[in-house]
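S.K.: Count the sequence shown with my numbering and you get residues 1 to 279, in order.
Be careful, since some hints might not be right.
Beta-carbon label-pair distances, calculated as ranges [as the list claims (entries may be wrong)]:
| hint | residue 1 | residue 2 | range |
| --- | --- | --- | --- |
| 1 | Val181 | Phe262 | 34 to 40 Å |
| 2 | Ser196 | Ile139 | 34 to 40 Å |
| 3 | Lys224 | Ala38 | 34 to 40 Å |
Don't read these hints as lab results, they were simulated from the structure.
We put the beta carbon where it would ideally sit given N, CA and C, even for glycine.
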Amino acid sequence: MKFIIALALLFLFGLLALGALLVWDQRADRAEWQRLAALKPKAPPLFSYALVADLPEPARRYFAYTIQPGTPLFPVAEIDMAGQFSLGTKNDPAYQPMEARQILAVPEGFVWAMRTRGGMPVSGSDSGLWTRFRIFGLIPVARIGGNPDHTRSAFGRYVAEAVIWTPAALLPGPGVTWEGVDDDTARVTIRHGDLSQAVDVTVDSEGRPVIVSFQRWSDANPDKVHRRQPFGAFTSDFREVGGYRLPFHVEAGNMFGTEDYFPFFIADVTEIRFLEAAR
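Model the full assembly from the supplied sequences, consistent with the hints where possible.
M.R.: Below is the structure:
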């Protein structure tokens with residue numbers, strides 16, 4: 001009987017510890033979200049073609065399509081989405097329905113809070129500071145961050161997502177440079193502190209950024225070793241949001257452009273909100 005009581009107490013203490021860890025993580029999520037939201041501009045300047053006149057032609061085409069003249073330049077956005085998230089491999093993707101909300105504030109950071117629906121429920125968050133996911137809302141299955149490899153990998157992700165959803169954050173200026181690649185592709189490089197990430201954006205004849213690709217620092221490979229490897233996304237379903245034209249459908253994955261590519265992330269945006277400080 002004492003043994004059973006001891007096991008029960010151990011189980012209870014374990015649940016309490018997991019619950020306390022969950023509360024701690026949720027507070028950290030909120031604090032980082034609030035920090036990034038505080039970066040919203042109070043009186044943003046307005047977009048004009050003069051701001052991009054010296055860029056390579058594909059970059060000019062990109063900005064001319066994604067931002068209409070006179071639009072306030074908002075670098076911080078909140079994005080709601082639904083879709084599918086793969087918990088498997090290319091041969092067996094094991095896609096799960098998912099929904100997520102995100103704040104994106106390049107170059108400072110991002111928070112992506114996600115949960116799956118159906119099957120084994122997975123929930124948690126990804127950010128420039130951590131990757132933390134749980135099953136059944138409580139049991140940790142991934143908990144990494146706070147090291148140079150994670151920081152570098154996360155930076156690549158949110159710089160690439162700025163190309164997709166917050167083009168105002170990529171206008172030429174301190175820490176942001178553009179160069180031409182070919183007739184339809186331009187490369188933007190973002191530098192922030194010790195971090196640097198180049199991302200290629202391929203536009204169609206109208207300027208839609210239909211392909212976003214880059215070399216990501218990642219250990220998503222059979223060797224589980226961090227190295228630069230191709231990552232990318234196809235975008236579609238462009239819609240107007242307050243003077244911006246942005247994709248509402250994104251399919252992304254590792255080993256982009258190779259036979260090993262498959263989209264582990266398939267998202268349909270449900271809402272994009274650009275943040276502006278009260279005047």
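S.K.: Which earlier hints turn out false for this structure, listed by number in ascending order?
M.R.: Of the numbered hints, just 1 does not hold.
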